[in-house]
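Q: Sequence:
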Amino acid sequence: MKTIRIQYFARLREDRGQSEEEWCTDCGSVRELYAQLQAVHGLSLAASSVRPAINGAYTPWETELNDRDEVVFIPPVAGG
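Residue numbers (my numbering): 1 to 80.
Honestly, the hints are just simulated from the structure, not real lab data. Heads up, a few of these hints could be off.
Claimed, not checked - Computed beta-carbon distance windows for the label pairs:
# : residue 1 : residue 2 : range
1 : Ser44     : Glu20     : 16 to 24 Å
2 : Val77     : Met1      : 29 to 37 Å
3 : Gln7      : Glu64     : 29 to 37 Å
4 : Glu70     : Ala47     : 13 to 21 Å
5 : Pro76     : Glu20     : 30 to 38 Å
6 : Pro76     : Asp26     : 28 to 36 Å
Think of the CB as a built atom: it goes at the ideal place given N, C-alpha and C, for glycine as much as any other residue.
Please build the complete structure, drawing on both the sequences and the hints.
A: See the structure below:
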C-alpha cells in the first residue's frame, strides 16, 4: 500500500468536497489512481480533461506512483 497526498482544484474540489486528502492505494499509475477516485468519489471530469502532476511537475498518465508522492489533478480553467 502507498500513501498518496492528493490535491483537488476547481470542479474536482467541488466534486470531492475538499481540497486535499491522504489516500491509501495499491494503484500502480496516476491513471489508475484517478479511475479509483472517480469510482469512489464520483469525480465528474474525464481523465482526458484533466492534467496530472506529481511532486510539482506535470506528468504522463502512465507514470508510476511511489509512496508519499504528492499528486495534483488540474482541471481546465475557464477564463473571461
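Q: Confirm or reject the claim that Ser44 and Glu20 have a C-beta distance inside 16 to 24 Å.
A: Since the Cβ atoms of Ser44 and Glu20 sit about 18 Å apart, the hinted range of 16 to 24 Å holds.
Q: Per the hint of 29 to 37 Å, is the separation of the Cβ atoms of Val77 and Met1 within bounds?
A: Since the Cβ atoms of Val77 and Met1 sit about 33 Å apart, the hinted range of 29 to 37 Å holds.
Q: Verify the CB-CB distance for Pro76 and Asp26 against the hinted window 28 to 36 Å.
A: 29 Å, holds
Q: Is 13 to 21 Å a correct range for the gap between the Cβ atoms of Glu70 and Ala47?
A: 19 Å, holds
Q: Can you let me know if the beta-carbon spacing of Pro76 and Glu20 is within 30 to 38 Å?
A: 20 Å, violated
Q: Okay, Gln7 versus Glu64 on CB: inside 29 to 37 Å?
A: 19 Å, violated
Checked against the numbered hints given earlier, this structure breaks hints 3, 5; the rest are met.
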